[in-house]
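Given the sequences, and given the hints that come with them, work out the whole structure.
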Amino acid sequence: MEAVRTLLSSLNQLVTTTGLVWWRCLPRLLITAMVGWLGYRIFAQLAAMVVDTSAWWSLLLLSIGFVVRLSAIIIGLRIAGEQLRIGQSVPSALSGPDESSVSHLLSRTLLPFLGIYAVFDVVTDAANDIQVDYYVFSGLTFERPVLSQLNPQGAGVLLIIGVVVGLYVARRLVDWWFDRSGWRPLGLLAALIEGFFLLIVVLSGRQLVVSIMQWVDGRAFRVWLDYPGWGLQQLFGAVGVDISSVLRQLGSLWWDVLWPGVTAMVVEPMLWLALASLVFGSQVMSAADLWRRGRPVVVQGRRAQVRLGDRQRRLALEFQEAFFGDLNDKYLPTFQSLRLVLGVGSTFFAAFILCYGVLTTGEDWLRRGLYALLGGHPAGFWSVAGPPIDLFVEVLAEPLRWVLLATAFHACLALFAQRGGQPEAVADAPVRHSDAPHGQEALP
Amino acid sequence: MRRLSHWTIALLACLAMIGLHTFTGEAPTQDVRAVELGKPGRLYDSTVTVNSWTIGQVLYTDEVFVGRSGVLYLAVNVTVATVGPRNSASWQVGGAANGRTFAVEGRLGVPQPGFRITQDVVFELSPSDLAGFTVTFLDRAPIYAFDPQLSVNLGITGPRADEAISTSRYGTVKAVTGSPEVIR
Chain A
9 MEAVRTLLSS LNQLVTTTGL VWWRCLPRLL ITAMVGWLGY RIFAQLAAMV VDTSAWWSLL
69 LLSIGFVVRL SAIIIGLRIA GEQLRIGQSV PSALSGPDES SVSHLLSRTL LPFLGIYAVF
129 DVVTDAANDI QVDYYVFSGL TFERPVLSQL NPQGAGVLLI IGVVVGLYVA RRLVDWWFDR
189 SGWRPLGLLA ALIEGFFLLI VVLSGRQLVV SIMQWVDGRA FRVWLDYPGW GLQQLFGAVG
249 VDISSVLRQL GSLWWDVLWP GVTAMVVEPM LWLALASLVF GSQVMSAADL WRRGRPVVVQ
309 GRRAQVRLGD RQRRLALEFQ EAFFGDLNDK YLPTFQSLRL VLGVGSTFFA AFILCYGVLT
369 TGEDWLRRGL YALLGGHPAG FWSVAGPPID LFVEVLAEPL RWVLLATAFH ACLALFAQRG
429 GQPEAVADAP VRHSDAPHGQ EALP
Chain B
163 MRRLSHWTIA LLACLAMIGL HTFTGEAPTQ DVRAVELGKP GRLYDSTVTV NSWTIGQVLY
223 TDEVFVGRSG VLYLAVNVTV ATVGPRNSAS WQVGGAANGR TFAVEGRLGV PQPGFRITQD
283 VVFELSPSDL AGFTVTFLDR APIYAFDPQL SVNLGITGPR ADEAISTSRY GTVKAVTGSP
343 EVIR
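Top line first, the protein sequences correspond to chains A and B. So the first sequence is residues 9 to 452, counted in this note's numbering. So the second sequence is residues 163 to 346, counted in this note's numbering.
Derived from the structure by calculation, the hints contain no laboratory data. From a predicted model like this one, the values you see are computed outputs, not experimental measurements. Beta carbons are placed, not taken as given, at the ideal position from N, Cα and C, and that holds for glycine. It is possible that part of the hints are untrue.
Stated by the list, open to error - Computed list of chain B residues with no C-beta within reach of chain A, every gap over 10 Å:
1) I180
2) A189
3) F227
4) T241
5) A258
6) T263
7) G317
8) S341
What the hints assert, rightly or not - Cβ-to-Cβ under 8 Å is the rule here; a few derived chain B residues that face chain A:
9) C176
10) M179
11) H183
12) D193
13) V197
14) T209
15) A303
16) I305
17) A307
18) P310
Unchecked claim - Sample of chain B residues lacking proximity to chain A, with all beta carbon distances greater than 10 Å (derived):
19) S167
20) W169
21) L174
22) P190
Structure (structure tokens):
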């Protein structure tokens, strides 16, 4: 009974606060959502128009579109965060003027953002939309598969690897330049390069995995992998059980029914909440944090341990920044954010999942309702009518999602405070007054 | 115990949302419109009218003469008229009853613009699937989109299905291919 009461209380808190904050910030949120949608659509349409010239240009424009969309999400989350005064309750590691800038947040959140989009096929769908828009503009043709240039088999693996490595080096150089000069447009340029880089990795990587799987399927040793299955079949066949049929049905139940629901309704909201916590600046612990706290880098050999002292520290830090900068900037914060939101408690987790699920389903039903209202039409009609429908639905749903995420994150912080301590990640790395960089607020 | 109840609540919430997601399903790629028997329905440049239906255990057409026990053939008489400037080659005709779907035997003839064809489309089904049988017509556009689809309920209620089976169960269905006529 107590669990139900807690759930209802969390639900009440999430729904009422979300509604209230949404209403108070409505004009700013609507404008942000509209500008974000418009920016993305413009670049997506341009991508469809230039795809005939070069798929690389098309992908570059699409990645700019994604960066615009992410910028809108970050701004929307910050608007809701301001209203909720999250900045005052977060012992933020990102409270320095440079680190809380949109360009820095863009660079920090691009990886999880495109990661979420890649996991839920949004990137692939966007690429498919480009192809459909191209067909609508130029007529249906099967002679020129427009995005085949991004297929390693079509473009050449070496070319794609060269582009990926080149973009990585270019981005690190721009990052370095940005760190030295502090000139904001450079930060944005770095984010754009990174968006392009990640999009190529996502799209080409997918094709590469398919190619590897096809190669494996064509090899003789592939048959060896079937032996355990055949053995099981024989074993269960002896007792009259068709194990392949049972496994097929179980696989179908899991992959066709349960797994899509788990990813869309459980994994997706948690990932978005983790992304929101990155934007609001949960105190994340990176390898550099460990270093600042005075723990020496220990290179462990098989027969001996070599301890690096103060003299080598600078050199080691330079090396770390050059090769593991991304690990510190993106992967660890993402991982820590995920740990943070997963550690908040089961009842709150349930309330958040319910709110997010209802919002997502409502958005889906609204879109379907509008499509059904207009009735069936050919693709040419939908290429004109589709965008306004998307705009209407997105302008309604996206601000609500941003506010829900901000409210949920704020509630997470309140819950951690109620427990009388800090979340695990914070507790492991408490910030003392003497250690706090950039005037960072110390924890009470 | 207290912790267990909290985790049970979380699990139930997850299951509820997974259930909601499964119930909602994938967004449809066609807009289904119900049309009554005998009334025309529009699909892009064509109209479709389902005129009547007959059943039997033996199927007799220009191409086949076949009889099979345990099943029955349902011939649905349809008039397809191309009233617009183009005729489509990517029609999909199907049937549905008791949650099962049925493929049509053979192909639907679609006439040139300005013509119409009255023909039979034939389904092979179990006698228990006759009641509530629905025929669907979809004219899939070249570029996959949210296309219109017609769903025609043949109006076969349980008693009517029983009556048809008792009178025509062992009859012969003569399915016509039809020839184009000018729309006047």
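So, going through the hints one by one against the coordinates:
Interface exclusion of B/I180 from chain A breaks down, the closest Cβ pair being 3 Å apart, not more than 10 Å. With a least beta-carbon separation of about 6 Å from chain A, B/A189 fails to lie farther than 10 Å from that chain, contradicting its non-interface assignment. Its beta-carbon lying about 37 Å from the closest one in chain A, B/F227 satisfies the requirement of being farther than 10 Å from that chain. The Cβ of B/T241 sits about 21 Å from the closest Cβ of chain A, beyond the 10 Å cut-off, so the non-interface label holds.
Every beta carbon of chain A lies more than 10 Å from that of B/A258, the smallest distance being close to 18 Å; the non-interface claim holds. At the 10 Å boundary, the C-beta of B/T263 stays outside the reach of chain A, the nearest C-beta of that chain being 16 Å off. Non-interface status of B/G317 relative to chain A is upheld: no Cβ of that chain comes within 10 Å, the nearest being about 24 Å off. Under the 10 Å C-beta cut-off, the non-interface status given to B/S341 relative to chain A holds; the minimum distance is some 29 Å.
The beta carbon of B/C176 comes within 5 Å of a beta carbon in chain A, closer than 8 Å, and the hint placing it at the interface holds. Hint on B/M179 holds. Least Cβ distance to chain A is approximately 4 Å, under the 8 Å limit. Satisfaction of the interface hint for B/H183 is found here, the shortest Cβ-Cβ separation to chain A being roughly 4 Å, below the 8 Å cut-off. For B/D193, the interface hint holds, since its Cβ comes within 8 Å of a Cβ in chain A; the closest pair sits about 4 Å apart.
Checking B/V197 against chain A: minimum C-beta separation of about 13 Å lies over 8 Å; hint violated. For B/T209, the shortest C-beta to C-beta distance to chain A is roughly 14 Å, which exceeds 8 Å, and the interface hint is violated. Look at B/A303: its Cβ gets to within about 4 Å of chain A, closer than 8 Å, so that hint holds up. At its closest, the beta carbon of B/I305 sits 4 Å from a beta carbon of chain A; the interface hint therefore holds under the 8 Å criterion.
Here the hint on B/A307 is kept, as its CB sits about 4 Å from the closest CB of chain A, short of 8 Å. Given hint, B/P310 at the interface with chain A, holds; its Cβ is 3 Å from that chain's nearest Cβ, closer than 8 Å. At roughly 4 Å from the closest C-beta of chain A, the C-beta of B/S167 falls inside 10 Å, breaking its exclusion from the interface. Not every CB of chain A lies more than 10 Å from the CB of B/W169, the least distance being 5 Å, so the non-interface label is violated.
Some Cβ of chain A comes within 10 Å of the Cβ of B/L174; the nearest lies about 7 Å off, and the non-interface call is violated. Against the 10 Å criterion, B/P190 falls within the reach of chain A, whose nearest CB is about 7 Å from its own CB.
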